[in-house]
Structures are given as structure tokens and as C-alpha cells.
Amino acid sequence: MTQTTPDAPVRRQRAQVKVRTLRTDRWWLVPLLTFLGLSSFLVYGVWAIIDSSYFVDPYIAPFSSPCLATSCPEGARLFGWAPFGDWYALPPGLLILGLPGGFRLTCYYYRKSYYRSFWLSPPACAVQEPHGKYTGERRFPLILQNVHRYFFYAAIVIGLVLAYDAVLALVHKPLGLGTWILILNAVLINAYTLSCHSCRHITAGRLNHFSRHPLRYQAWTFVSKLNAKHQPLAWASMFSVMGADLYVRLVAKGIIAFPYA
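With my numbering, the residue at position 6 of the sequence shown is 6, and numbering never jumps.
Since the hints were derived computationally from the structure, they do not count as laboratory data.
Do not rely on the hints blindly, as some may be mistaken.
[Claimed, not checked] 30 Å max Cα-Cα, derived DSS-like pairs, lysine-lysine:
1. K112 x K229
2. K112 x K225
3. K173 x K253
4. K173 x K18
5. K225 x K133
6. K133 x K112
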């Protein structure tokens, strides 16, 4: 018989839990609601791409802005530009959605959301996932998530375009309900974009001495406050852009035609 000293390491085996989880609460509710919310955004985005009723002066649907081809109505073109000429005959939403869509797809919060709700990796804390192994974002295709910082620059441009569309609507139709819907959407979209973790890192993420860079420190402080609200801003901006886009399309189709629409 061998004796062990008090200092000798004791081997302990992990508890063999044969059930998926010991949680008794409704842990599945959040992943389910997240799945339904994100799915609604995907379904609506596909419909918006193929729908042609995206402009009614002075409103342009956010999912189709900016419209940069000669096939676009003149009032829908950004500053009257049509750099794509007449060779680009595809729906404008197909091109534009690729930029903010890529930004949201690679967003840190949205990664967590669809990893848990679509891939069940894991679906919730203390709940076993069905996958046998996990390699993280080190291999293809998830390593492509690292392009998020570049999508951020494109998202900034799109946010400014939506703000311009809202100001244009305010100038031409200040009493229109659609004007204030577009303004609210532009505020939420830009707030979500600026609350991005990449934006926080860009402002002052690499500084060692804040005292030497007071302006960047102030910017970092502001972005940090937004960053703390990144999750609610992600959801609020997602539903606001869908709501604003749908409203413009319904007005363009003549479905909504009450005074001051």
C-alpha cells in the first residue's frame, strides 16, 4: 500500500453529468427570442432587396440608400450622383446592404447572439452544446470575422448617408411623420455604430498616457459610455431601420397616405 503525503496532489475527476443541463429555469427562452428576432431581420432584408418601391419624395428607404445608378429616381440619388451609370441594373439594396449587413454580421455582440441562437454554441450558460469540439475563430470561415474593423469604416459612411437623408426630409417635409421616423433611425444607427468595440479601440485603445491626449481621451470616454449600451443599441437600431424602411415603402406603395405622411 502506498501512502500519500499531505502535499501530494489529489486527482479529481469531473462530475459525469448525463443530462444536458441542471438548470430548471427557462434558459431556452432568450436563444429562441434571439433566433426569431434575427430571422425576422434576415427575411425582411431579402424582401427589401427585391422590392422596387423604395422612394417617395423626399423619403428614401434606408435599405436602398444611397442609390447610385441611373436607374434610380433622381431624388433618390445621393447629391444627384450616379457613378454606377446604367450598367448596374441590380436592386440598390443588394449593394448597400452588403456594407451595414457585413458590419452587423461580424459585430461582437451579434456573433454572441447567433452563435448561441443559431449554432447553439452554447445556447446558454451552464448548458451543454451539441458540438463535439470548438476551435473558436482561428480557422476558416470564422477567422473572417476579423474584417469587422474594416466594415466599421463602411458603416460610418452609411450612417452619415442616412443622417443626410433624414436632414433632407426635415428640410422638405418638416411636419411629415416619415421625417421624424428617419431622424430617429439615423440617431439609433449612428449611436450603434459609434458604440462598436472597434470604434472604442480606434479612439484611444492604444494610448498609454491619456493625459497627453485629452481630446482622444474625451472621445474614448464618450464612446465607452455608448459601448456599455451596445447590446440594446444593436436591437433598437435593427428594428428602427426595419421600421423606417417599411414605412417609406408603404408610403411609396400608397398604402399609407394619411395627411403629413
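Going through the earlier hints one by one, which of them does the structure break, listed in rising order?
-> Going through the list in order, the structure violates hints 4 and 5 and respects the others.
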